[in-house]
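**Student:** If you want the building blocks of each chain, they are given just below.
Number of protein chains: 2
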Amino acid sequence: MENRKKQIIELSIELVKKYGYDSFSYATLSKELGITKASIHHHFQRKDDLGLELCSYIHAHMVKEFNSILSKKNCAKEKMKDYLNLYAKMIETGDKICPIASLQAEANVISKEMREEVCLIDDAENDFIETVLNLGIKENDFYIKGDIKLEALLITSALKGALQYSRIHDKNKYMLIAEQLTLRLQSF
Amino acid sequence: MENRKKQIIELSIELVKKYGYDSFSYATLSKELGITKASIHHHFQRKDDLGLELCSYIHAHMVKEFNSILSKKNCAKEKMKDYLNLYAKMIETGDKICPIASLQAEANVISKEMREEVCLIDDAENDFIETVLNLGIKENDFYIKGDIKLEALLITSALKGALQYSRIHDKNKYMLIAEQLTLRLQSF
DNA sequence: GTCTATACACCGATAGAC
DNA sequence: GTCTATCGGTGTATAGAC
Chain R
68 MENRKKQIIE LSIELVKKYG YDSFSYATLS KELGITKASI HHHFQRKDDL GLELCSYIHA
128 HMVKEFNSIL SKKNCAKEKM KDYLNLYAKM IETGDKICPI ASLQAEANVI SKEMREEVCL
188 IDDAENDFIE TVLNLGIKEN DFYIKGDIKL EALLITSALK GALQYSRIHD KNKYMLIAEQ
248 LTLRLQSF
Chain P
68 MENRKKQIIE LSIELVKKYG YDSFSYATLS KELGITKASI HHHFQRKDDL GLELCSYIHA
128 HMVKEFNSIL SKKNCAKEKM KDYLNLYAKM IETGDKICPI ASLQAEANVI SKEMREEVCL
188 IDDAENDFIE TVLNLGIKEN DFYIKGDIKL EALLITSALK GALQYSRIHD KNKYMLIAEQ
248 LTLRLQSF
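So the sequence lines, in the order shown, correspond to chains R and P. So the first sequence is numbered by our numbering: it starts at 68 and just counts up by one. So the second sequence is numbered by our numbering: it starts at 68 and just counts up by one.
Possibly wrong hints are sitting among the right ones.
Where chains are identical, the list cannot tell them apart; a pair therefore holds if satisfied intra-copy or between any two copies.
[Claimed, not checked] In the DMTMM-like style, the derived pairs of lysine to aspartate or glutamate whose C-alpha atoms are separated by at most 20 Å in a straight line are: (1) K144 with E246; (2) K144 with D208; (3) K212 with E246; (4) K114 with D89; (5) K98 with E183; (6) K238 with E180.
Source of the hints: derived by calculation from the structure; they are not laboratory data.
Assemble the whole structure, with the sequences as input and the hints as a guide.
**Tutor:** See the structure below:
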């Protein structure tokens, strides 16, 4: 990918995390990057084009993070901690929430194509957590009541909710809620 | 409160739940209500005035709902079920999420005054859930690991996240996730 | 309390020169 | 790949008549 395109996408993702998709404009990007709106339209003719590529970028980035966590030679408990820290980084580096949660909140505003992309990213995240949960069960470190797929769904959506809550109340609350959430996984 | 004002506020809340605060305009309201934008400005000079009154209205409405649940002569388990159903109604009646979650997602876009109002509403909801949890413990129906205030925070933020997830994926998922969440409260 | 009319800023987007 | 210039549309908001 060309450098400028990548630069625009990465800035856009930070703006989605902080303000949401509808709340930043080509003018916002152009001021920040020091180029004109027309130049940005050269790379992404319609804003929806940028929106779709930004989703693909997030998707690829998260899959990379998940694979990195899975390939580490540590236990499921530690992999879960690594995962929780991914979100902790967002809120610590400036009032940011999960970009996917941000887009979910705008579900009825963004295009059908973007909505579908958001769903695919959610699916990837849920599959990842399900894998970690199954690993933890094998290692006798996790004990899970009910359906494992549902527990994965609960974890991913609860953390997104916790991030949103913490941003507006107290950043430090996020990790406390995350730890309270994972308490239930412990068999003792 | 005058009838028209109430009508504008109630419509605005439905729009916040469906699209978010920044994504509806005085034009949206005026078309729906059959009056002009100028007439709406007569009731709420600035949009932020509407935003603040809409928050107060949500606050009062939710406190009323919570008190209604608490005053019922049923057990904590059933009160929790009543609470879960409040959110279920939102998503079932047309792609809507919790208005507070919607405003949380726009935290860096709305005014400081609105942000503070949102926090107060969250506080009321958390106090309510904490009360229900303590009641359930007394009744020997709930068993809670860790801090009760944290568990309340987890429940309220997890449900908001579950609503957002379910709206974009599959409405029926919400209640399944909610039930998976409350599984942890059961001692057996 | 509602209207018409209007102001002004910003939005996404395009044409065309360099 | 970047620019200037510009378009039509929409956003919040106000003035003033009825």
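**Student:** Could you run down the list of hints and mark each one as holding or not?
**Tutor:** Outcome of the hint check:
no.: 1; hint: K144 with E246; verdict: within (12 Å within a copy, 24 Å between copies)
no.: 2; hint: K144 with D208; verdict: within (7 Å within a copy, 29 Å between copies)
no.: 3; hint: K212 with E246; verdict: both (17 Å within a copy, 11 Å between copies)
no.: 4; hint: K114 with D89; verdict: both (10 Å within a copy, 18 Å between copies)
no.: 5; hint: K98 with E183; verdict: neither (30 Å within a copy, 30 Å between copies)
no.: 6; hint: K238 with E180; verdict: between (32 Å within a copy, 19 Å between copies)
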